[in-house]
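Those sequence lines, one after another, are chains C and G. When you line the first sequence up against this note's numbering, it's residues 11 to 471, in that order. When you line the second sequence up against this note's numbering, it's residues 11 to 471, in that order.
Just so you know, the hints here were simulated from the structure itself, not pulled from any lab data. One thing to keep in mind: the hints can contain errors.
It does not matter which identical chain is used: a pair holds within one copy or between any two.
What the hints assert, rightly or not - Quick list of in silico lysine-lysine cross-link-like pairs, BS3-like style, CA-CA up to 27 Å:
(1) Lys332 - Lys462
(2) Lys151 - Lys348
(3) Lys251 - Lys356
(4) Lys251 - Lys272
(5) Lys367 - Lys177
(6) Lys48 - Lys25
(7) Lys25 - Lys90
(8) Lys369 - Lys332
(9) Lys286 - Lys369
(10) Lys182 - Lys53
(11) Lys401 - Lys112
(12) Lys90 - Lys332
(13) Lys112 - Lys367
(14) Lys251 - Lys332
(15) Lys369 - Lys53
(16) Lys286 - Lys367
(17) Lys367 - Lys285
(18) Lys367 - Lys251
(19) Lys286 - Lys332
Spelled out, the chains give:
There are 2 protein chains.
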Amino acid sequence: MMNQPSTNQYIEQNKDRFINELLDLLRIPSVSTDKKFKGDVLKAADYIRQKLEEVGVDYAEICETGGHPIVYAEKIVDPKLPTVLVYGHYDVQPADPYELWKSPPFEPEIRDGKIYARGACDDKGQVYMHIKALETMQAQKTLPCNIKFMIEGEEEIGSDHLEGFVKENKEKLVADVVLISDTDIIDNENPSITVGLRGMSYMELEVTGPNRDLHSGMYGGAVDNPINVLCKIIASLKDEKGRITIPGFYDKLVDLSGAERKEINQAPHDDEQYKKTLGLEALFGEEGYTTPERIGIRPTLDVNGIWGGYTGEGAKTVLPSKAYAKISMRLVPNQNHKEIDALFTKHIQNIAPDTVKVKVTSHHGGQPAVVPTDSVAIQAASQAFEEAWGKKPYLTREGGSIPIVSLFQQQLGLNAVLMGFGLDEDAIHSPNESYGIFNYLKGIETITLFHKHFAALYQKG
Amino acid sequence: MMNQPSTNQYIEQNKDRFINELLDLLRIPSVSTDKKFKGDVLKAADYIRQKLEEVGVDYAEICETGGHPIVYAEKIVDPKLPTVLVYGHYDVQPADPYELWKSPPFEPEIRDGKIYARGACDDKGQVYMHIKALETMQAQKTLPCNIKFMIEGEEEIGSDHLEGFVKENKEKLVADVVLISDTDIIDNENPSITVGLRGMSYMELEVTGPNRDLHSGMYGGAVDNPINVLCKIIASLKDEKGRITIPGFYDKLVDLSGAERKEINQAPHDDEQYKKTLGLEALFGEEGYTTPERIGIRPTLDVNGIWGGYTGEGAKTVLPSKAYAKISMRLVPNQNHKEIDALFTKHIQNIAPDTVKVKVTSHHGGQPAVVPTDSVAIQAASQAFEEAWGKKPYLTREGGSIPIVSLFQQQLGLNAVLMGFGLDEDAIHSPNESYGIFNYLKGIETITLFHKHFAALYQKG
Chain C
11 MMNQPSTNQY
21 IEQNKDRFIN
31 ELLDLLRIPS
41 VSTDKKFKGD
51 VLKAADYIRQ
61 KLEEVGVDYA
71 EICETGGHPI
81 VYAEKIVDPK
91 LPTVLVYGHY
101 DVQPADPYEL
111 WKSPPFEPEI
121 RDGKIYARGA
131 CDDKGQVYMH
141 IKALETMQAQ
151 KTLPCNIKFM
161 IEGEEEIGSD
171 HLEGFVKENK
181 EKLVADVVLI
191 SDTDIIDNEN
201 PSITVGLRGM
211 SYMELEVTGP
221 NRDLHSGMYG
231 GAVDNPINVL
241 CKIIASLKDE
251 KGRITIPGFY
261 DKLVDLSGAE
271 RKEINQAPHD
281 DEQYKKTLGL
291 EALFGEEGYT
301 TPERIGIRPT
311 LDVNGIWGGY
321 TGEGAKTVLP
331 SKAYAKISMR
341 LVPNQNHKEI
351 DALFTKHIQN
361 IAPDTVKVKV
371 TSHHGGQPAV
381 VPTDSVAIQA
391 ASQAFEEAWG
401 KKPYLTREGG
411 SIPIVSLFQQ
421 QLGLNAVLMG
431 FGLDEDAIHS
441 PNESYGIFNY
451 LKGIETITLF
461 HKHFAALYQK
471 G
Chain G
11 MMNQPSTNQY
21 IEQNKDRFIN
31 ELLDLLRIPS
41 VSTDKKFKGD
51 VLKAADYIRQ
61 KLEEVGVDYA
71 EICETGGHPI
81 VYAEKIVDPK
91 LPTVLVYGHY
101 DVQPADPYEL
111 WKSPPFEPEI
121 RDGKIYARGA
131 CDDKGQVYMH
141 IKALETMQAQ
151 KTLPCNIKFM
161 IEGEEEIGSD
171 HLEGFVKENK
181 EKLVADVVLI
191 SDTDIIDNEN
201 PSITVGLRGM
211 SYMELEVTGP
221 NRDLHSGMYG
231 GAVDNPINVL
241 CKIIASLKDE
251 KGRITIPGFY
261 DKLVDLSGAE
271 RKEINQAPHD
281 DEQYKKTLGL
291 EALFGEEGYT
301 TPERIGIRPT
311 LDVNGIWGGY
321 TGEGAKTVLP
331 SKAYAKISMR
341 LVPNQNHKEI
351 DALFTKHIQN
361 IAPDTVKVKV
371 TSHHGGQPAV
381 VPTDSVAIQA
391 ASQAFEEAWG
401 KKPYLTREGG
411 SIPIVSLFQQ
421 QLGLNAVLMG
431 FGLDEDAIHS
441 PNESYGIFNY
451 LKGIETITLF
461 HKHFAALYQK
471 G
């Protein structure tokens, strides 16, 4: 009998194929927010299903929802063993502005050890690690637990149909932990596990002034300008200290203890280096909090898009009829995104002058979540990182929102382990998104180790 | 010998051809601000030249400038007679947003007695009246004075090459008055002559925050958002009373006398009707001034365009690197647009926080102008309106900017008569720009009467 290759040997021997399979997935422009990519979203779902079947799950299926489908698969080794439910998403953010990409977003290119493509890190690259980790464990016959996969296609547009799916499939989704790779580590020298996530409330404003575009010379000064009004509204939403001015916005917040704040500030962070990387002279945020606190434990409000009037070349003297903005708020425990939607809407209607009409709509939202740090799953993740990376991981709170984390806590009573391998510089949601090949392969290794340690600790404890 | 038809009979007999020739001109998309229409701008110039030759000028020529050319023509009846210099422009504003046009902007359509097309009123329709008025006077052998034409192609982008042309051709442009049709009357029951025009300063802001688009969840709260900053800057430019906050902005203003303000408020204006027409609940403008004053004699500031971040369908959680705005200020005597450009730029740099970089550029400007109301030319215009419209015209101050008016005063010592025939509802600079056929034909008649009365009064006085 031949010697079985080690996990690392297996990954090394198969890495070119592991990469090429991911590149094929990245070639599918599965932009969930844009109807014209609907066929591609389905194609990506089917690719995931097929690849799961190829690595030997018991079965894989495409589950219809009211929107884009969810891919579900499972491999039950033994019902008595613990079960890990892997969650991820195969949909991606829009890739525009296209002209800022060095290589086309859906024609992946490898440069300097990184894969450049929309979705490379968020979340196709990180989802695909789990499929290849299962392949590795199957090939080595070391799979120590049951695995279920739930890979959705609407994460970038608010996971609207996920809650319904989870509620209707509670039996099917029974597990002991949820494992998600859709977050970052601090850097390749400082691995980390995310133990807190902010929620989100994403709103859109439409401000209407006169019933048609006017000549700014003939009406300017006498008719209020919806762009000026929109700017005034937005400017008033934060005060000089970076505090959000919406009445009731902070009411449900639970202040963290000194010990918790201390732990957050322990992870390596250097404001000078941070500014340099971003090309900034100065930072701005809520007074009295450090940068990691501003990102991890404090809510915030950002304009994600604004438009109105003439935006082409040259000068056009229009006083426009309409102006628009997309505004999102990141939320922290115990803010409820539906309550915040309502507070925001009410406040905007209160402050809007009677010279315009303002329509407020809610795009989607997600609840904030905190992961308990003393669980078996976090211990297993910590051991996996330490074994694979040679360093105990930091526990961090991160700014992004993964609504599913809170949904799983509420609907299935399951905690999540946020074991992501992305980097800041991966530029997710931006032109030139990338994912390091080192992170991709190291992630596969770390995931196999998580399963090993989780099964062992679970059976011990 | 047959009876010569009257002016009105001649116009009536030829009206279909007069309209069709204008429609041909409107089919040429001579958008001066956009390089891709350069050939069409030239085509429009050549059409004007050709039509001037057809109505019997001594010569017509296309004069090159550093930008789009100027069409010059003259008909000298007798050097001893007074000379009218007709100014107008054959370039047009961009037509976007195209989807809001009921019929395509460069495929003119007649509906309910109006010609719908970009440039129908501003200024092709109003320029072409002068060519057909000359034809009418030639046909009737009633041309009582010399006429010169100077029709430019850069009015919508700031007339950058006009000053140089005027300076180099002072001999050629010798005249007794400048006649311009590029303004409005109050309505078809209330003819009016514009005797004051606001100047303009048109600026663009580019606000740069981080060196790339960021994920708003991962950075929001710690990194200042250039859209939020831009909104804050814009919101601060006007106070609660509608006053512009730029230091020094009002320093050069000359307050009008009570009598002058009274005259401005004599022209028919009804705020209730004005709001109804525009679909507004309330107006907003500088405290202490009426609507006609706010439009005619007070400076103002409007955002003409704003953009940044994600403006597509759905939600994208980006903290953008850049945000932009186009901002124009309308100026009144004795504000100087170059001084205002400088005050604006300095103020923006002063108030911009150190979390962003702000680039301020000036698009173009024009000096404000006031026309003396006691001149022979204004008397002649008044008599022409009274004869053609059966009602003495009001003298109004209007909000738009025609930089050439101040340029003519300074360079040629000539006053302008602003004898425009447009209406508010013509929606110039907007989708569905139109020009009434009644106004087009009545304008031709009024122009022939202006020449008659001007020559008569000039020789008397």
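Check your understanding: Looking at the structure, which of the earlier hints fail to hold?
Key -> Structure breaks hints 1, 2, 5, 6, 7, 11, 12 and 15.
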